[in-house]
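**Q** Chains A and B supply the protein sequences, listed in that same order.
Per our numbering, the first sequence starts with residue 1, numbered consecutively.
Per our numbering, the second sequence starts with residue 1, numbered consecutively.
Keep in mind that the hints were calculated from the coordinates and are not lab data.
It is possible that some hints are incorrect.
[To be verified] Computed cross-link-like contacts, DSBU-like style, restricted to lysine-lysine with a CA-CA straight-line distance of at most 30 Å:
| id | chain 1 | residue 1 | chain 2 | residue 2 |
| --- | --- | --- | --- | --- |
| 1 | A | K121 | B | K183 |
| 2 | A | K125 | B | K183 |
| 3 | B | K361 | B | K291 |
[To be verified] Chain B stretches covered by chain A per the calculated footprint, using a threshold of three residues with CB under 8 Å from any CB of chain A:
| id | region |
| --- | --- |
| 4 | 157-165 |
| 5 | 169-183 |
| 6 | 188-198 |
Computed from a prediction, not measured in an experiment: that's the story for all the values here.
No residue lacks a Cβ here, since even glycine has one placed at the ideal position from N, Cα and C.
Okay, here's what each chain looks like letter by letter:
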Amino acid sequence: MHTDLHPDHRRLMIVDDDRDLVDALCELISLCSDWTAIGAYGPSDAIAQASETAPDAILLDMEMEGVDGFATARHLDVASGQRHPALFALTGNDQLRDLASNDGRFTASILKPADLTGLLKLLDKVSPTH
Amino acid sequence: MGLSEFITRESGKIMSEFESFAKQQLPAAADMDVAALRDHARQVLDAIALDMRQPQSSFQQREKSLGKAPRAGSGESTPAEIHGGLRAAAGFDVNQTVAEYRALRASVIRLWMQSAPTLGRAEVIELTRFNEAMDEALAASILHFAAEAARMRNLFLGVLSHELRTPLSTIMASGESLLICAKAGKVMPEAAERTLRGARRIQSLLDDLLDYVRSGLGEGMRVTAGPDDMGQICVRVAGELRASHPGRTIDVQTAGDTSCVCDGQRVAQSISNLLGNALRHGARDAPVTVKVDGSSEDIINVSVHNSGSPIPDDTRETLFEPLVRGAGAVHGGYNLGLGLYVVREIASAHGGSVDVQSDDKTGTVFNVRLPRDGSAAAASAFPGMRMN
Numbered sequence: 001m002h003t004d005l006h007p008d009h010r011r012l013m014i015v016d017d018d019r020d021l022v023d024a025l026c027e028l029i030s031l032c033s034d035w036t037a038i039g040a041y042g043p044s045d046a047i048a049q050a051s052e053t054a055p056d057a058i059l060l061d062m063e064m065e066g067v068d069g070f071a072t073a074r075h076l077d078v079a080s081g082q083r084h085p086a087l088f089a090l091t092g093n094d095q096l097r098d099l100a101s102n103d104g105r106f107t108a109s110i111l112k113p114a115d116l117t118g119l120l121k122l123l124d125k126v127s128p129t130h
Numbered sequence: 001m002g003l004s005e006f007i008t009r010e011s012g013k014i015m016s017e018f019e020s021f022a023k024q025q026l027p028a029a030a031d032m033d034v035a036a037l038r039d040h041a042r043q044v045l046d047a048i049a050l051d052m053r054q055p056q057s058s059f060q061q062r063e064k065s066l067g068k069a070p071r072a073g074s075g076e077s078t079p080a081e082i083h084g085g086l087r088a089a090a091g092f093d094v095n096q097t098v099a100e101y102r103a104l105r106a107s108v109i110r111l112w113m114q115s116a117p118t119l120g121r122a123e124v125i126e127l128t129r130f131n132e133a134m135d136e137a138l139a140a141s142i143l144h145f146a147a148e149a150a151r152m153r154n155l156f157l158g159v160l161s162h163e164l165r166t167p168l169s170t171i172m173a174s175g176e177s178l179l180i181c182a183k184a185g186k187v188m189p190e191a192a193e194r195t196l197r198g199a200r201r202i203q204s205l206l207d208d209l210l211d212y213v214r215s216g217l218g219e220g221m222r223v224t225a226g227p228d229d230m231g232q233i234c235v236r237v238a239g240e241l242r243a244s245h246p247g248r249t250i251d252v253q254t255a256g257d258t259s260c261v262c263d264g265q266r267v268a269q270s271i272s273n274l275l276g277n278a279l280r281h282g283a284r285d286a287p288v289t290v291k292v293d294g295s296s297e298d299i300i301n302v303s304v305h306n307s308g309s310p311i312p313d314d315t316r317e318t319l320f321e322p323l324v325r326g327a328g329a330v331h332g333g334y335n336l337g338l339g340l341y342v343v344r345e346i347a348s349a350h351g352g353s354v355d356v357q358s359d360d361k362t363g364t365v366f367n368v369r370l371p372r373d374g375s376a377a378a379a380s381a382f383p384g385m386r387m388n
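Chain B extracted, bound-state conformation:
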């Protein structure tokens, strides 16, 4: 059986071989469901099989080997181009995207050789054409991967700029007011408080941004675990946020033994992010509640609750993913999502986890679960998140 015919007839088998290979090789693919992984790989393969059946002159072959082949139809994207764009949106890095093609090529050739084809001149020509088509698809995919990554970077910078400029506006307007009042001998404690809140907001955005960029450079999130007390950490963070949010109520309730081994500073950063979110998005006339539950032997559980309108279903799934991973971004893209991303990374660096429940009746609760003994803290690092 010729190779192109083999690809068409055995595409089901090739796809399952490709999937198992890809799942072993690609950290980002491990989280993807079969459908998401399969989606465009099959179409890429179909397009390659089709291309192999087209007659090709030696001139065309030479042009293709130089990467000068004419683009098929000017308007529509090829499956390989769509594939590249989607992989960028799904948070793959360029190596992972290339690895998918390697997996696809290896799967096809391995299965074809297993079928013991007669290897004559025609088969060698077909194999060459297969490799050419594969390279062409790979090049197209990478080109679109790069374009999509650049678009997302722009989007990211736009939202970052928005999130920094809003508190900056508050600081500048309050500063002008304070100056006017100082000249008139009046005091304005509210304006001073707003200034501090705005400055703290900018500081926490920059802290999260730094962590995020470091994670993209592959340095991982460094945690230094030591003996600490989750109850005391939460009381301390709640105190800081009360000071910057006068008029708001933050309750801290502890139960059981709240001592644990963790990176106190990192854990405080994540509790502070959760509390900041709850104060910003929750109902203003209702308290925000932090519950620390140390009644289990192995796990410390911290929950942060706020009342108010729930998080919409469609955003809940991507809540912990930064914008670059493709949250629906129209004009009101709103949240960069770095704060929650950092919360999740801090939890997983401790071998723990975070989840969210949100509905009309109870409001929104974030639950952070950390192993009490901190033993997982040293071994962990950021998962394969890249900001290419």
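Chain A on its own, in the form it takes in the complex:
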């Protein structure tokens, strides 16, 4: 899902290998915030889009088909160059949530299902990277 990029809007990239979840979250974020939501359906899609669209924040599923979320986070950080977007870990596994919240790379770690109010509060705190 590639929404038109609005120059004044900050960009949130949502990464999950479950397409329905990516589409649902993108739609919801677009409906109830002034963030521009960009969907990515897997790690390689996300890395390609990170360098293209320069997101301000990334919501990253930690358990995409056989790929370690921590490694993906590293690749995404590199792909984003000097911008260092705010990284939010998203996971259905509470142990993984705890691991990610102790990992300095992530701004916050969210257990699925993401609570809308909490997510919007977290996004409010993201400082523009440019």
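Since the structure of chain A is provided, determine the placement of chain B on it from the hints.
**A** Same frame as chain A, now just chain B:
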């Protein structure tokens, strides 16, 4: 010849005796190759023979009989401990793990008696020491079996939680969107469709989970066979999945006489699992194809094909095994594998089978073969799978 010396010298013979005994007695061992069965049993036996040769005071003997013997070296695992952990990972239940020690003990004593040893005081002491060492190894093995089983249960619950929470997230996010749009008088059919797909996904996970847990309780998979038509079953299931996956193409092709005797509901569940997998993991721009082949007299063959990246070689072997049986589980353990496990159990409950072919060129095909007359359906039950 003393017993410990006998064990060391005749370990080859003891191992083959143990293997044939174990293969007869243990359903889970019947599927294991010789190397897998042999692996740690020999090391357990070597450690026992070594232990028997160590001098032992009567105090030490009393402590050991009370299970208070000091642990050998704190860091490294003993062969018995490794054995227990591996057996849990391989899907043995606790009875089967204990039975292996029974087989080992029986094999040693039978072969030793056949060698007609002079039975004096020294031999009785040695036999006692052998039994003590055996009991100690058994206790260590079971302790590690339990620890490994608990670890796997945790892993299983973690992956289950992940697999349920993802569709739940979709449902909640789509629900919020639907609410916002309803207030603005807008309609959002996509959000409604996503909600239904997510709910169906959760339902099918829970159905599979229930079957899996029942199988672990030894109730077996109950199938009630009756006259049915495999072609019609597949057409019906494909229709359900088309409705929940708009924009995707599912083709059903039938050939020959597709009438058969089977448990229509169970077979539909397994076709639905296969189709769901194909839609989730297959290329989105290519059709998923179901072929029902009734041209053979005795067998009905159903294949489900999807294009897209193939299943990696190393996961193909354990594809039909649930996670507890030890699929490589790192952070991205991903699939619980209950869906395919249930597919296999439904096939074998009908006296049939399922296999998979997957490569770059053709994509992935699952083949289910069921006997047309359903005669095997009543007699079958789950094989020895336990979730201890």
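**Q** Would you mind marking each hint as holding or not holding in the structure?
**A** Results for each hint:
no.	hint	verdict
1	A/K121 to B/K183	holds, 23 Å
2	A/K125 to B/K183	holds, 28 Å
3	B/K361 to B/K291	holds, 19 Å
4	157-165	holds (count 7)
5	169-183	holds (count 10)
6	188-198	holds (count 6)
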